[in-house]
Every structure is written in C-alpha cells, then in structure tokens.
Amino acid sequence: MATERTADVTWNGSLLEGGGTIDRVGSGAIGPLEVTWADRAEEETRGRTSPEELIAAAHAACFSMALSHGLAEAGTPPSELKTSATVSFVPGTGITKVVLRVSGDVPGLDDAGFREAAEGAKVNCPVSKALAGVPEIQLEVG
Amino acid sequence: MPRIVREAEIAWEGTVSRGAGTVRAVSSGAFALPTTIASRVGDPEGKTSPEELLAAAHASCFVTSLGSELARAGTPPERLDVRCVITMDEVGELGHRIVSSEIHAHGTAPGCDQAGFAQAAEAADAGCPFSALIKASATVTVEAHLDEGGDDGD
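The listed protein sequences correspond, in order, to chains A and B.
The opening residue of the first sequence carries number 1 in our numbering; numbering runs sequentially from there.
The opening residue of the second sequence carries number 1 in our numbering; numbering runs sequentially from there.
Just so you know, these hints were derived from the structure itself, not from any lab.
These numbers come from a predicted model, not from an experiment.
Every residue gets a Cβ at the ideal spot worked out from N, C-alpha and C, and that includes glycine.
What you were told as hints is all true, and nothing was included just to trick you.
Here are the computed lysine-lysine pairs in the PhoX-like style, where the Cα-Cα straight-line distance is at most 20 Å:
(1) Lys-135(B) / Lys-122(A)
(2) Lys-135(B) / Lys-97(A)
(3) Lys-97(A) / Lys-122(A)
(4) Lys-135(B) / Lys-129(A)
Examples of chain A residues lying across from chain B (beta carbon under 8 Å, computed):
(5) Val-35
(6) Ala-60
(7) Met-65
(8) Ile-95
Chain B extracted, bound-state conformation (with noise of 0.2 Å):
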C-alpha cells in the first residue's frame, strides 16, 4: 500500500504561559484553531489543545477498526459511537505524560449480538494503529456495548 502523508503546523508567538498558537491543519485545510497552555492544563475556554486533538484522532482511527471488524464478522455496522477522553497527568518526576486513553464505544450493527459487538471492539483495539502507539505511556481501555433496539444515536 502507498505511504500517505498527513501535516499541520502551529505558529506560536509569545511565551508558553503568556504566549499562543495557531494550529493548521495543512494537508486538508479543515481547521485554524487557536490554543494556549493555560487552556491545555485548565479550563479550555473553547479553545482546543494537544491531547483534544488526540482524542479526535483517537475515535476517528478506532471508529474505522470497529467498523471494519463488524464487516469482517459479517455484521456491518449501520452506525456507531465512539467517544474517547484522554487524561494528561503528572506522573512523578517524568513529567506531564499522557496516562490513559478510554474508548467509550457503542452502535447498531443487524445480525450482532453483546459478546459479537464486544469480541469486534477487541479486535478493533488490537487492530487499531493509533491503539497500538500510545500504549507506548498510556493505558487504552474499552468499553463497547450493542445498542438495545433501533438506532437511536445516545
């Protein structure tokens, strides 16, 4: 398969505590965000930081491997939901590290049942590349559960 490349960019002007920044999304042009330390560590003030953009990153790549192994078992989703939050915290003398990353995963899929619906977000976990690079200092957990009757979103 064909190496597919993918840039942002972020110019920061000032400090990092007084300071703030512009991230670009090049490649696509979907966003101009702006973001500062004091949003990124406190509250965000609607302005987005580096572990928000993971967590988008996180549910967008995890959607596709659920959805994917849903296929494979032969019950192809009709819709799913995927939340993921990502927890930043100060671990000691290392620092700020990104600690976790929970995958709060559910949807409707005709033909698949719990232990289906949870065996495909199992193998979504492992399947998933963005999964398998932040287990490199974070915890991933996952909890995915069928939606009861129709295709109600929440």
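Bound-form chain A, shown alone (with noise of 0.2 Å):
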C-alpha cells in the first residue's frame, strides 16, 4: 500500500533577504521551522535547518530502519544501532556527496558481518534508491 507524506512551505519575499518556514507536516511532528537562504548556504546555521539537514535526516532515519530489517531478518536483530549522515551542498552544482556513518550493539554478530548488513542496507533502503544520483554516497561502519 502507498504510503504519502505531506509538507507544506510557505516564502516570503526575495532569496537573499526573504525567509521561508517549513509551517506544519502532516504527522505534525515538525514546524513550524524557519528556513533562510543564509543559514543554507554559509557555513553558519544560525540554528536553522535546510533542505540538506532534512534530506540528512531522512537518509539516516531510513538506513536505520533498512539495517535493523536487515539484521533482525539474518537472525541477530540489534540493540543499538546509531547512524548520521552528512550531506554536501555545493551551491550551483547541487548536492555533491552523501556520508553515512554507523555503529552498532548487535549480540551474536562480527563486525565483518555488521558491515556487510550495513552495506546491504546502504544499497536497498529507499531513500537510498532515490538518491542514486548523487554523485558519491559513502558508508563509514565502526
């Protein structure tokens, strides 16, 4: 079964010196969250999020969820997994690299088999998919 997700944005004025507000989701677990061009695209947050942070969040919510599915389907589900992700935004070429990092409590499991189900999950979990055309997505397990 489908399964939509809904966010609603709201801009005003020019890019440079306007701002904008991730004003509700549909869960209603975000927002509203300001957003500025600024806070984007300069080293400086400012404590404000981005296309980019969310997009980070998303792919580690999702690789979580792909690699405890994983492990828990090999037979060794874990008790702990933590990933974060880093994406890279290079204004004007688009987002150029995706990095992964994650480590684990898995009783009964080696790292050599922790890293291949990490690998397994880097490949298959759906925001990975749709992310494929970033030019580089890098896995750090450990």
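Join the two chains, each given in its own frame, into one complex according to the hints.
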C-alpha cells in the first residue's frame, strides 16, 4: 500500500533577503521551522535547518530502519544502532556527497557481518534509491 | 562556491518492527524527533518519517528555486506557498521505493501572469537540486498557479 507524507512551506520576499517557514507536516511532528538562504548556503546555521539537513535526517532514519530490518531477518536483531548522515551541497552545482556513519550493538554478530549488513542497507534503503543521482554515497562502519 | 555540509543523526533501539528511533538535526539543532516503522508506513501518530523529512526538504528546496526564477524574470515574489507530497510504495520485487514527489505551488508575484508563473515553476523544477536527484527513483510533478487578487495564502 502506498504511503503519502506531506509538508507545507511558505516563503516571503526575495531569496537573499526574504525567508521561509516549514509551516507544518502531515504528522504534526515538525514545524514551524524557519529556513533562509544564508543559513542554508553559509557554514553557520544560526540554529536553522535546511533542505540538506532534512535530507540527511531522512537518509539516516531510512538507513537505520533498513539495517535493523536486515539484521533481524538474518537472525541477529540489533539492540542499538547509531547512524549519522552528512550531506554536502555546493550552491550552483547541487548535492555532491552523502556520508553515512554507523555503529551498533548487535549480540551474536562480528564486525564483518555488521559491515555486510550495513552495505546491504546502504544499497537497498528507499532513500538511497531515491538519491541514486548523488555522485558519491560513502559508508563508514564502526 | 564553497562546499556546505549539513549533518543529522539517528539512534535506533530495538528491532525495526517494535523499536524506535530519535532523529536529530546535528548541524542546526533545529529538531529532535521520534520515528518508528509503524508510524512510517501506517498512521503517523504525530511521528515523522524519512518520507515526511524528504517532503519538507523538497518543499523548502523548490520554494527557493521558484523564488529565484521569478526574480530572474524580473517579477520577484511577495509570497510563495509550496506543498510537497512524497509517496512510497511497494514496487513488485524491488520492494519499497519512493515513487513520486508532487509539488503544488502558488503565490503572489507583482507583474507576473499565470503563464510566467508556470514557466518559472518549470524552470524551478529543472534547477532545484532535490528535484534533479529524486528523479532517480521517483516521478516529480509540479502544479503551479498565481493567486488571483491579493496575497491571501490559501
């Protein structure tokens, strides 16, 4: 069955001097969150999120679910997984790189088995598939 | 232009079906949100999901592209409203895939007519970095119209 998720954004004014708000999402979990071009495209975030940070959050969450599922299917369910995703954005070029870093506590599984499961999750998670156009998706395990 | 880096993390405890995770915005600190597989594929029950985060990313990415295109055309916007709906579905043997992202955009831009707004929306879709990426697995559709008379949001 198809799953739909919705988000609403308002923008006022110009790109450089104006600003936007992620007003609400279907679940109600996010918003309102302010977004501006400066906070997206400069090193300093000033506490504001950006499309790239939201993509990082989506990818880290999707990867973790896929990895948890894969480990459980293999008979070694994890007790804890920690994943971080870092998205690189070059204004004018686009999203150039995602780095996934994962560590976990998986009873009964060695490092090689964990790495193999993580590689599988990286290839198969729906967000990885959707981001297949990113030039480089890198996985760091441990 | 410099390379901009944004980071988020998630800690997941327990199995995928009964466990739960908390996803945090590391770079900005703007959010820390619970998520579960049940709320991802079923009723959200107030919890976010990867697809909802992508919807927020695409809407906020597209809105800046649309604003830029309108400004480039000499009709900068006063206000833009963008809704994004991301759909995940099971696609035969491929399993779950993000299959579509629908953008609905409307707003006010003094001096711009419906045709100009539609043209700017098309150019925004072509230029938005997220639109370009997600086309690897999903169909992106854009529906855009200028609000008639005034700056009323909806």
